[in-house]
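**Q** Those sequence lines, one after another, are chains U, E and V.
In terms of the UniProt record's numbering, the first sequence is numbered consecutively and its last residue is 208.
In terms of the UniProt record's numbering, the second sequence is numbered consecutively and its last residue is 208.
In terms of the UniProt record's numbering, the third sequence is numbered consecutively and its last residue is 208.
Simulated from the structure, these hints should not be mistaken for laboratory data.
Mixed in with the good hints, there may be bad ones.
Taking lysine-lysine and the DSS-like style, the derived pairs with C-alpha atoms no more than 30 Å apart in a straight line are [claimed, not checked]:
no., chain 1, residue 1, chain 2, residue 2
1, E, K203, V, K90
2, U, K203, U, K152
3, U, K90, V, K203
Partial selection, computed: residues in chain U whose CB lies under 8 Å from chain E [said to hold, decoys possible]:
no., residue
4, L57
5, A123
6, T141
7, L201
Cβ pair distances, simulated, as ranges [as the list claims (entries may be wrong)]:
no., chain 1, residue 1, chain 2, residue 2, range
8, U, W72, E, V174, 55 to 61 Å
9, E, E68, U, W72, 37 to 43 Å
10, V, S12, U, P202, 52 to 58 Å
11, V, V181, U, L35, 26 to 32 Å
12, U, F172, E, D116, 39 to 45 Å
No experiment lies behind these values; they were computed from the predicted model shown.
Beta carbons: idealized from backbone N, C-alpha and C, even for Gly.
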Amino acid sequence: MDFSFSYYIGLSGIMVFTISGALAALEHKDHHHDLFSVFFTGFITAIGGGTLRDITLGNYPVSWVRDENILWAIFIGFLLVILFPGILTKLRDELFLFDTLGIGIYTVIGTRIALDHGVNFFASALLGMISAIFGGVIRDTLMNEVPFIFRKEIYATACLVGSVLYIILNAFDVNANWNLVISATVVVGIRVVAVRYNLGLPKIKLFD
Amino acid sequence: MDFSFSYYIGLSGIMVFTISGALAALEHKDHHHDLFSVFFTGFITAIGGGTLRDITLGNYPVSWVRDENILWAIFIGFLLVILFPGILTKLRDELFLFDTLGIGIYTVIGTRIALDHGVNFFASALLGMISAIFGGVIRDTLMNEVPFIFRKEIYATACLVGSVLYIILNAFDVNANWNLVISATVVVGIRVVAVRYNLGLPKIKLFD
Amino acid sequence: MDFSFSYYIGLSGIMVFTISGALAALEHKDHHHDLFSVFFTGFITAIGGGTLRDITLGNYPVSWVRDENILWAIFIGFLLVILFPGILTKLRDELFLFDTLGIGIYTVIGTRIALDHGVNFFASALLGMISAIFGGVIRDTLMNEVPFIFRKEIYATACLVGSVLYIILNAFDVNANWNLVISATVVVGIRVVAVRYNLGLPKIKLFD
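With these hints in hand, go ahead and build the complete structure from the sequences.
**A** Here it is, written out as C-alpha cells:
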C-alpha cells in the first residue's frame, strides 16, 4: 500500500486534533490556560489514540517516537492556537469538518495497521476505532469530564462502521487506496449526517 | 499448567465484567445510555486490567487481540444487558458472586502470567491484583468518579492476598490447578466476608 | 554512563513520590483513607511516569517489574506515611524540595533512556518530561481532579527545559555525570524560583 497519500492527510489530522485539544483546554474553566497546558492537551489529543493502538499491538517504535514530523505537525497546530485563538474558536464549524476527516483517516490507518499485524477482524475494527477516538477520551478524562464519546451524537460508532467496512472491502481485495477513500468517506458521511440531523443511537432504558 | 479449566472460567469472568461495566454505564446520570456507550464501558471494564498487565509485561499479543473468544464473551455480555437490562439490575446480588469469582480468577491468572515471565514475587503479586481491578478503575475514571477501589470495602486487598497466597503455594510446588482453586477461593471468601460484615481495612487518620 | 549515582538518587525519588502520592490520598475528601488506597495511590504516583515512558519506548521489562528495589523504596515510603502521617504533612515544605529533586532526576534519567533507544531529540525531551510528571497526572486523574500540571505554577515546563538542556549538552559531549547534575539542577532551580515568586507561563486569552 502506498501510504504517501494517507501520510500527509494523517499529518493534517494530527494538526487538527492538536488544535481541537488545545482549544478545549482554552475553554475549560478549571484550566490554567498557560502555554504548557494548552500545548500538552493538544499533544495528548493528537497522539493518544495512535499511541494506545501501537502499545496494544506492540507496534514499536510508537508513531510519534519514530516520526518527528508528527511532532512538527503538533507544534504547528499549537502555534496556530496561540497566535490566533479567537479566529480558530470562530472557525469551529469549519474545524469540525477537519476533525471529522481526521477521525476518518485515523480509523482507516489504525485498522490497516492492526490487519498488517495479523490481528483478527473483530479486534482490528475495535483498534481502528480506538485509534480515532482515544486521544479525545484521554483529553476529556484529564480535563475531569465524562468523555465526549459517551455524550455526543454518533461518533465512535461512525468509526466502527468505517473500520468494519474497510475490513470487508479489504477481504474482497478492493484496492487499498480506494478502500481508504471509501471507508474514510463513510465515517465522515455518517458523522456529518448524525450532527446535522442530531441523530443518536437507540438508548437503553433501565426503568420502564 | 492446564489452562482449559481456568480458560472457560476466565471467559465467564470476561462476560460478567462486561455486564457489570455496561450496567454501571446504564445507571450513570451523565451518560448517554446509547448502545455504543454501554458496549464500550462494558468492553473497557472487561479488558482493561488484563490489557494493562500484558502491556506492562510486554506480553504480546495482548489477550483480546490474540483470542477472538474474549471479544465474543464481551459481545454476549453486552447482548444480555441490552436485552434484559431490568432483570440484570435486579440480579445484582447474584451478579456480585460472579464478579467476585471473576476477580478471583483474574487475580490468579494474572499472577501466573507474571511468574511465567520471570517477574519477581512482589511485582507478580501486584500484577495479579492489577489484572483483576484495573478494568473497573478505568471504567470509574472514564465515568468521572473516584474509582471504587478507593471507596469500597476490602476489594483490591482481597486480590493482593490471593496473589501472594498463589505465589507462596507455587513456591511450595502445590499443583497448579489446586493452587488456582485454593487462591481464587480465598479471594472470593475474603470479599464475601468483607461485604457481609461490612469490613474495611484500618483507616489512617491524618489529624488526631 | 555510570548509573550508580543516579540510581540511588532515583530510588530516593521513588520513595518521595510515594510519600507525596500517599499524602494526597490521605488529604482527599472522597477517599476511604484505608491502608490499601493510601498504598496504591503512592505506588501509582511513584511508578506511573516511568512505566508510561517504558511502555511507549517498548523498553521491557518495565523498571519496577525488573528491579525489586523500586518496590522496596515504595514500601518504605508507604510505611513512613502510615507511621508518621502527621509529621510528614507538617514537613511538606521540606518534602517539596525532595519532590523537586525527584522530578529533576526523573527528567534526566527518562531523557537518557529515550536517547539510548535512538529516539529523536524532540520526542526524547517529551519522554523525559513524561517520566517526571505522569505519575502525578495519573494520581490526580484517579482522584477525580484536574491534574496539577494544568493548575500549578511552572512545573512540567521546568522538566521540559531540563530535558532539552540535557540533550544539548549531550550533543556537545559533556560528561554524562556532569550533564545529569547540571540539567537536574536547572529543573530544580526553575521550579524553586517559580514557586518562590509565584511565576507562571504566559496565559492565553481566548476572549479579548
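**Q** None of the hints should be skipped; say for each whether it holds.
**A** Tested hints:
{"no.": "1", "hint": "E:K203 <-> V:K90", "result": "holds (20 Å)"}
{"no.": "2", "hint": "U:K203 <-> U:K152", "result": "holds (13 Å)"}
{"no.": "3", "hint": "U:K90 <-> V:K203", "result": "holds (20 Å)"}
{"no.": "4", "hint": "L57", "result": "holds (7 Å)"}
{"no.": "5", "hint": "A123", "result": "holds (5 Å)"}
{"no.": "6", "hint": "T141", "result": "holds (6 Å)"}
{"no.": "7", "hint": "L201", "result": "holds (4 Å)"}
{"no.": "8", "hint": "U:W72 <-> E:V174: 55 to 61 Å", "result": "holds (57 Å)"}
{"no.": "9", "hint": "E:E68 <-> U:W72: 37 to 43 Å", "result": "holds (39 Å)"}
{"no.": "10", "hint": "V:S12 <-> U:P202: 52 to 58 Å", "result": "holds (56 Å)"}
{"no.": "11", "hint": "V:V181 <-> U:L35: 26 to 32 Å", "result": "holds (28 Å)"}
{"no.": "12", "hint": "U:F172 <-> E:D116: 39 to 45 Å", "result": "holds (40 Å)"}
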